[in-house]
Amino acid sequence: MLEVEGLRKVYRSDRREVEALRDLTFTVDAGELVCLVGPSGCGKTTLLRCIAGLLDPTGGAVRAGGHPVQGPPPGMAVVFQEYGRSLFPWMTVRDNVELPLKQKKVPKPRRATLVADALAAVGLDGTQTAYPWQLSGGMQQRVAIARAVAYEPSILLMDEPFAAVDAQTRADLEDLVRALWQRLGVTILFVTHDIDEAVYLGQRVIMLSASPTVVQDQLTVDLPAGRDQLHTRADPRFTALRTRVYEQIQLAKGRAGTQPPAPLGS
Amino acid sequence: MRRALRLLALPALLFAIWYAASLGSESFYAPPLRTILTAFADTWTPERLRADVLPSLGRLLVGYLLAAALGIAAGVAVGANRRLRAAAEPVLEFFRAIPPPVLVPVIMLFAGIGNGMKVIVIVSGCVWPILLNTVEGVRAVDGVLSDTARAYGVTGPARLRHLLLPAASPQIVTGLRQALSIAIILMVISEMFAASNGLGFTIVQFQRSFAIPEMWSGIILLGLLGFVLSELFRLAERFLLGWYHGLRDAQRRS
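Line by line, the protein sequences give chains A and B. Note that this note's numbering numbers the first sequence so that position 173 is 173, with each residue one more than the last. Note that this note's numbering numbers the second sequence so that position 111 is 111, with each residue one more than the last.
Derived from the structure by calculation, the hints contain no laboratory data. Don't take each hint at face value.
Straight-line distance between alpha carbons at most 25 angstroms, and here's what the computed SDA-like set of lysine to any residue pairs gives [said to hold, decoys possible]:
1. A:K102 <-> B:A158
2. A:K105 <-> B:T155
3. A:K105 <-> B:H162
4. A:K104 <-> B:V144
5. A:K108 <-> B:G156
6. A:K102 <-> B:L145
7. A:K102 <-> A:G126
8. A:K104 <-> B:P157
9. A:K105 <-> B:R159
10. A:K104 <-> B:L160
11. A:K102 <-> B:L240
12. A:K104 <-> A:W181
13. A:K102 <-> B:G143
14. A:K104 <-> B:L164
15. A:K105 <-> B:L164
16. A:K253 <-> A:D194
17. A:K102 <-> A:L180
18. A:K102 <-> B:V76
19. A:K102 <-> B:W243
20. A:K105 <-> B:V144
21. A:K102 <-> B:R150
Covered stretches of chain B, going by a simulated chain A footprint (3 or more residues, C-beta under 8 angstroms) [claimed, not checked]:
22. 146-154
23. 158-166
24. 238-247
Since the model is a prediction, treat every value here as computed from it, not as a measurement. All C-beta atoms, glycine included, are put in the ideal place defined by N, C-alpha and C.
The task is simple: from the sequences and hints, build the whole structure.
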């Protein structure tokens, strides 16, 4: 379970202050898949880095599994948007997936099993000895997902993971995330700027305002658990939900007109 | 095979031109290449190689490796620490700007004229390009990669080994390459100043005793040595930075 309470982040430089996050409070229950959407430049990445313990918030608190987050918590894995910059190019696919396990002091035979299982789960059998840059963008992001899966996290953070892959690959990867989530029972917080993706993936969608960010609205996605690209997206209920989210985001953007744009954290 | 051919084609041509042009040379100081080559075979006997070239190579190797260890260690420390970097950078630039041969007389004053002096000279000249390139390489580690490492608990010594050093390795290798040619120059210069053996010493001895073809042959040997060392370096680089060249090719294609 993940709790975010009164989270606030102000970037200070010599000359000025930029308030990226104003006051954010929400929870993600254990085993839940929640999507965070917001207009571009609303501080999604700042929020995610605070939750991941990579950035110290100015105020408020983040708790993962009841423990306050101060630095990256052990049971949390992150998948970043820039797959090309988050895989170690000097390591093979296997070493990339295995390195965090070595750091966790997982015994060697168990590591081999975890790596092989995780790569099989994302459909990347037989790429263990390849280097990441020998793979396509979609495959690289699968490696990053495999690394997160092999880590056996209780909480998985995903920061716009499919923003840089083509549309078809993206649909495949969305289904992959849902399948992995259902199989592993992991808590997922999925950050995206794509409204359709948020409604399609999430059990719940949290909408953020423009920066300085607050929670604009929350919405439970009452679509059946078994979703597929063809039927779910054609479902009238899906359309109704995405319209609601869209309206809220537009509202958030409209309100942003009165605020100076935030140069930091998108 | 083809590469070897391409590599040797131009040097062979230049030697041929030199050979032909100098055939009828009457000059005492620029004898025909034929004479020089004969002198080469007579001069650089196995005993001589052992007595003069081996000590030179030993000093070169020790000095170079020491400089590499020092430069990389200090470079990582400075590159990973913003405050240290701000304090150290002007000083480093100052030391880098001093031409290393200038240091030879100074170092002789307190380190004597033994092997220690030559090693210190080589280290003091080689360490700067390695250090400064390492600083740059470590500083330029990608932010996302660094976040990834932290998020997955890759910290402390593992961070150094799996993130900082490999990420900086292309830059470190650039520094090492620059340092290699500096090391050869300093090896020769330090031996010319004060020594009882070594390549630089021998070449100066030949010059002073007017053994001009022998002197030329020593210079040719020095050139060959530099060539072999840089080829060895290239091989090591290809092995070490295979991933980097692959990555760059992949980026260029896309």
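Structure-based check of all given hints:
At most 25 angstroms may separate the alpha-carbon atoms for a hinted pair to count; K102 of chain A and A158 of chain B meet this at roughly 10 angstroms. A distance of roughly 13 angstroms separates the Cα atoms of K105 of chain A and T155 of chain B; the hinted pair therefore holds under the 25 angstroms criterion. Restraint check for K105 of chain A and H162 of chain B: the C-alpha separation of about 15 angstroms stays at or below 25 angstroms, so the hint holds. Distance hint between K104 of chain A and V144 of chain B is fulfilled; the C-alpha atoms sit about 21 angstroms from each other, no more than 25 angstroms.
For the hint linking K108 of chain A to G156 of chain B, the alpha-carbon distance of about 21 angstroms falls within 25 angstroms, and the restraint holds. A hinted pair counts as satisfied when its Cα atoms are at most 25 angstroms apart, and K102 of chain A with L145 of chain B qualifies at roughly 17 angstroms. Between K102 of chain A and G126 of chain A the CA atoms are separated by roughly 21 angstroms; this keeps the pair inside 25 angstroms, and the hint holds. For a cut-off of 25 angstroms, the pair hint linking K104 of chain A to P157 of chain B stands: about 14 angstroms separates their Cα positions.
Note on K105 of chain A and R159 of chain B: the hinted pairing holds, with a Cα-Cα distance of about 15 angstroms set against a maximum of 25 angstroms. Distance hint between K104 of chain A and L160 of chain B is fulfilled; the C-alpha atoms sit about 17 angstroms from each other, no more than 25 angstroms. Only pairs whose Cα atoms come within 25 angstroms are accepted, and K102 of chain A paired with L240 of chain B is accepted, the gap being roughly 23 angstroms. With a C-alpha separation of about 22 angstroms, the suggested pair K104 of chain A and W181 of chain A falls inside the 25 angstroms cut-off, and the hint holds.
Distance restraint check for K102 of chain A and G143 of chain B: the Cα-Cα separation of roughly 22 angstroms lies within the 25 angstroms cut-off, and the hinted pair is therefore satisfied. Between K104 of chain A and L164 of chain B, the direct Cα distance comes to roughly 20 angstroms. Compliance with the 25 angstroms bound is thereby established for this hinted pair. With a C-alpha separation of about 21 angstroms, the suggested pair K105 of chain A and L164 of chain B falls inside the 25 angstroms cut-off, and the hint holds. The straight-line distance between the Cα atoms of K253 of chain A and D194 of chain A is roughly 15 angstroms, inside the 25 angstroms bound, and the hint therefore holds.
Pair hint K102 of chain A plus L180 of chain A holds up; C-alpha atoms about 23 angstroms apart against a cutoff of 25 angstroms. Note on K102 of chain A and V76 of chain B: the hinted pairing holds, with a Cα-Cα distance of about 23 angstroms set against a maximum of 25 angstroms. The suggested pairing of K102 of chain A with W243 of chain B holds, with an alpha-carbon distance near 22 angstroms, which does not exceed 25 angstroms. For the proposed pair K105 of chain A and V144 of chain B, the alpha carbon gap of about 24 angstroms is at most 25 angstroms, so the pair holds.
Restraint check for K102 of chain A and R150 of chain B: satisfied, since their Cα atoms lie roughly 14 angstroms apart, inside the 25 angstroms limit. Coverage of a stretch by a chain is defined here by at least three residues with a beta carbon nearer than 8 angstroms to that chain's beta carbons; for the segment 146-154 of chain B and chain A the count is 7, and the condition holds. Counting residues of the segment 158-166 of chain B whose CB lies closer than 8 angstroms to any CB of chain A gives 4, which reaches the minimum of 3, so the coverage claim holds. Three residues within the 8 angstroms Cβ limit are the bar, and the segment 238-247 of chain B against chain A gives 4, so the coverage statement holds.
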